[in-house]
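K.L.:
Here is what each chain is made of, one letter per residue.
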Amino acid sequence: MALATAHHEAAHAPAHNHLAINRAGLWLFFFSETILFGLLLSARFYLEGIHREELNQALGLLITVILLLSSVTAYTAETAIEHDNKKVASWYLFFTIVLGLIFAGGVAYEWSIAHFHRSESFGSIFFTMTGIHATHVITGVFMLILVWAQALRGRYSSKNPWAVSAVVMYWHFVDVVWVFYYPALYLTK
Amino acid sequence: MYAVKSVAGAMGLGLIGFYLGLGIVAVLRWLFGYPDPWGGEINIIGGWVLGVFLWLMGIGMWGMWGREWFGLKTYQRNLPGWQRYFTFNTDHKVIGIQYLVTFMVVFFLAGALAMLMRAELAQSGNQFLSNSQYNGTMGLHGILMVAVAVAAVIGGIGNYAVPLMIGAQDMAFPRLNALTFWLVPPVAVGLLATPFLGGIEHGWTAYPPLSVFTNSSQVLFSLSIITFGLTSILGALNFIVTIIYMRAPGLTWGRLPIFVWSMFATSWIALLYTQGFAAALLLILLDRLGFSFFEASTGGDPLLYQHVFWFYSHPAVYIMVLPGFGLALEIIAHFSRKPLFAYKYAVAAFLGILGLSGVVWAHHMFTSGMPNYLHGPFLVATELISIPTGLIFLSALGTIWLGRLWLKPPMLFALAVIFNFACGGVTGIFLADVPTDIHLQDTYFVVAHFHYTIVGGEIFALFAAIYYYFPKMTGRMYSERLAKLHFWWMFIGFNATFFLMHLPGIKGMNRRIADFQSELDPLNLTISLAAFLLGASFLVFIWNMVYSWVRGPVAEANPWQVRTLEWQTTSPPPHENFPAPPVVRGGPYDYGVPGSIHATFPSAPSAGFAGAPAGGGQ
Amino acid sequence: MHGKHLISVALLWAGLTAVGELLVFADLFPTVGSHEAEDFDSIFRFLLILGIPVFTFVIAVVTYAALTWRIRGEAPDGDGPPIRGHGWIPRIWLAITAGLAIFVMIHPGLTGLAKLQSSATAYGWGKEEADLEINVTAFMWQWTFDYPDGTQVSVSKGGEVVIPVDKYVKFNVNSIDVVHSLWIPAFRMKIDAVPGRTTFMTVHPTRLGDYREDQSYRVQCAELCGLDHGKMWLPVRVVTESEFEAWLASLKPQGN
Ligand code: HEA
Ligand code: HEA
Ligand code: CUA
Ligand SMILES: [Cu+2]
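Quick mapping for you: the protein sequence lines, in order, are chains A, B and C.
Per the UniProt record's numbering, residue 1 is the first one in the first sequence, and the count goes up by one each step.
Per the UniProt record's numbering, residue 1 is the first one in the second sequence, and the count goes up by one each step.
Per the UniProt record's numbering, residue 1 is the first one in the third sequence, and the count goes up by one each step.
Here chain A stands alone, though its shape is the one from the complex (with noise of 0.2 Å):
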């Protein structure tokens, strides 16, 4: 029984590299995303038009400018890689740890004071599309302090900075999202 050692994705691409592959697999898990994000949009359209139910709008227009932030951050933080530049790196990307916890605070607090119930379709509609986001957004975090960890230790530098463009690009698609959420879930009439 052999024990071989740390094995690589796409080990044996002929003669193209493997940033290239890897980037193209994560770009097409986006495409198959936003499938599903487009469909619960659609369903959103389809059961209430444009009709919803009163919102929190403050709130919503503070987290939305915090997410939005968060990309900045988080695109500073590959940029500073790719500049070895290893302490910012880390940096920033503890900053969009945090905005991301407190963007995801912000929609567990509006679940919290909904005036309106599961059990209505906007209610539905509501809590299912802010709540799926809401898990990208977790996962996003999960993935970002994993690599936080990582960057403490200087693993990653302009040499070797795939992990840390992944999961700044998923970020960068977790926050599209929310901009075609937003204006459909707080800003039609």
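Hints may contain errors.
To be verified - Residues from chain A that keep clear of chain B, each with C-beta distances beyond 10 Å, as calculated:
id: 1; residue: Ala-20
id: 2; residue: Ala-58
id: 3; residue: Lys-87
id: 4; residue: Ser-124
id: 5; residue: Ala-166
Stated by the list, open to error - Here are the simulated lysine-lysine pairs, BS3-like style, with alpha carbons at most 30 Å apart:
id: 6; chain 1: B; residue 1: Lys-73; chain 2: A; residue 2: Lys-87
id: 7; chain 1: C; residue 1: Lys-167; chain 2: C; residue 2: Lys-115
id: 8; chain 1: B; residue 1: Lys-344; chain 2: C; residue 2: Lys-4
To be verified - In silico contact screen, one side only, chain B against chain C (beta carbon under 7 Å); selected entries:
id: 9; residue: Ser-6
id: 10; residue: Gly-203
id: 11; residue: Ala-342
id: 12; residue: Gly-403
id: 13; residue: Ile-438
Calculated from the structure, these hints are not laboratory results.
Please read all numbers here as calculations on a predicted model, not as lab measurements.
A virtual CB, placed ideally from N, CA and C, is assigned to each residue, including glycine.
Start from chain A and add chains B and C with the ligands according to the hints.
P.N.:
Relative to chain A, chains B and C with the ligands alone:
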């Protein structure tokens, strides 16, 4: 035995995870002050999620993957012989065989359920199945077979053959590939456990509100399907990246074997639409937990489900059949010893079907009470699909024309695909036509149509592929006489069963019933007898396969004298497929073109390697 | 070299088609009980007439090729001619199949749909004046048929549905639990009963009929609705107008 220990351990972990999940949800419910912390289906959901996760970790994902997330060194166990089939093995050939064997077993189980249904349907009235048992049997048959149809060819044949055909050493993401396979056992366990929670009452389509009101086996059904959807999506992603990035030098898009093209188109469909199935069942789960997507009295709408569901499940029929077409064309070209006729049109057909597949779903809803302005557009879009599908037939018929048809078992099955699907496709037109569908919807005419397309089109192609690749996979040869016996037996049994099935449909026999109008007794008895004939044919197959795998004569590297790359290496191929990376020099089907060559192995060790340079049979 | 084969295949095709078209004359359909049934049968036959040649063409080529060009030896003794299928053959095929597809799409397809949606025997728009409107409620696993004019008659298990011949009968369909579907095979008409919305279908029975003589006269649930879905059907009787009035009257005393 390491393999036994590892599987048993992973199962143990999975079970622990399941109960842990139940418990965690219970504690949370208790903390939030719900009256009955243990009573909810949400406990099962929590158990499922944690159970599947720990099962995966136990089976080897932790060692090969999870450790990396924490900056630890990963390791892989390379076990010898049969044991590698029971570990988290990343070799695409191992995974292909794992898929194939698993889904053949599922196919036989689901087929046995079909026999049970046909026995009940041999006569009107309830003989030995109660209505609820019949519903459970029917639903389980349907969903298991759909799983077989979605995964057996793609996961089995696709995994095995695609990297070989494109001259790669493995898939682009080998660990992801292993993950997709090891997600399947929980799915199988989940579905097979449904009879113990009351049985699936709602068929494979799970329309609400029925699926919201019905017993708790629904939860297992939904969770299994969502998990299955995940494997489909990840597998599709892997194929697309592999086909784009891992082709051998010189293997341009215009030289790609047609089966690879079909897998490419199929993978896009699976990647883009499978989310619909998962989303639909997720919403059902939520409704069962008190949401109201489909509850009309609080603003929901049952038709929403049908739209989301068919948004996936119509494209899913092309996920089933396109690889079947690809295999049929592939085999027909090699066994006619001619270039594939109208190759570019065939490729265009696959891409055309890919393009149209997403805009026809509501033809399953013509009688659903959806708004009337939708009927026309969906009728038109649906019937448009016959144009690209027709091109597949052009390619097949043109290839056999003036060919030198070598009627080996794979070729017989491949020709049968063309034969059967012509019937299944034409009956599709009757259904796509709104005025006729209004009567035919939900009758045995539909049942006949989809068995002709799925069984006649895809399952026949699956058997073609099994007989084609058996020597490559096992290194042994099967009995050709038994294989031909199986073919004729199955072909006749199949056509007798399902051709006749159109008739009760037109006469007014609806689907999904254990008891029917007595005037249809003679017809149904005949169909049942034909179905038993069909079922018995598989005994020949099983015997032939099992015996030959153990005792069969040793196979040559290239018994069919074929030109494509998978046949230019040993049977079975070595760990990384080729002794030296192939370089492609010409098309895969240039039979009869003097001096043509498909591929060479420039740096191959000169002595003793079968089939290099790869000209195939001249 | 092509010529001989082409002629043989054409003959085979013609022969198979001739045999296949006999299906058109077969006794395929349930009783023709309404105008809609006439339309259905003629469209179905028309598609059969067109579809059978498509099917037999494929079969003719496959069987002919398998019989004529098979290799009899143990291994192929050479390759076929390297015909690639560029040029006019694929284009002609494309033109013919596209033409055929667009033809069926327009002719029995859209024209049939238009007739269905515009004629008085409507499926769908349902705006027409009907001679008799019946409110149908489906629930697990029974039906209720409420007749108009205060004579509200509930027909559920053990009862039968009676409607007059030669009248436009409109069913307004509802469900109170899960999705069911109202289907009367003799009329070839079907519409789902969906909770939360009212669907309708109109039929125009053209002949008398009775379930006891003819099993296609029945209301059948045609959407899986759980345990007793298979038992969710009721006999239908189509009677003359006077018999219908008499039937309604006879039910009045017991009705509520
Ligand atoms: C592999 C699976 C598969 C495939 C490939 C197809 C292919 C097609 N199907 Fe089928 N279908 C199913 C599996 C499949 N189907 C299943 C499982 C169901 C039932 C689901 C359920 O309710 O449980 C179903 C149900 C179904 C319905 C709904 C019936 C109902 O419930 O009321 C309809 C309606 O339009 C339909 C139509 C078609 C059409 C038009 C095609 C076309 O793609 C066919 C095109 C092919 C040809 C036409 C033949 C070849 C072409 C030529 C030789 C060229 C010349 C021909 C012409 C110009 C006509 N199918
Ligand atoms: C891949 C898809 C697939 C395949 C291969 C089949 C194969 C068969 N199917 Fe099925 N079928 C479906 C997909 C498929 N089906 C679907 C999706 C439905 C709809 C469900 C729904 O409405 O929700 C359906 C529904 C369906 C019905 C309608 C039920 C109803 O509406 O009430 C019937 C009825 O006759 C039927 C019959 C058969 C038969 C006789 C076979 C035969 O071809 C089977 C032959 C195979 C065997 C008989 C196996 C032989 C095994 C042995 C000899 C060994 C036994 C061994 C062990 C026990 C290990 N099927
Ligand atoms: Cu009601 Cu089926
Ligand atoms: Cu479809």
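K.L.:
Give a verdict on every hint.
P.N.:
Here's how the hints hold up against the structure:
1. Ala-20: violated (7 Å)
2. Ala-58: With a cut-off of 10 Å, A/Ala-58 remains clear of chain B, as the shortest Cβ separation is near 26 Å.
3. Lys-87: For A/Lys-87, whose nearest Cβ neighbour in chain B is about 18 Å away, the distance exceeds 10 Å, so it holds.
4. Ser-124: violated (4 Å)
5. Ala-166: holds (12 Å)
6. B/Lys-73 - A/Lys-87: Answer holds: B/Lys-73 to A/Lys-87 is near 24 Å, not above 30 Å.
7. C/Lys-167 - C/Lys-115: Roughly 18 Å between the alpha carbons, so the hint for C/Lys-167 and C/Lys-115 holds.
8. B/Lys-344 - C/Lys-4: holds (28 Å)
9. Ser-6: violated (42 Å)
10. Gly-203: holds (5 Å)
11. Ala-342: holds (3 Å)
12. Gly-403: This interface hint holds because 4 Å falls under the 7 Å limit.
13. Ile-438: holds (5 Å)
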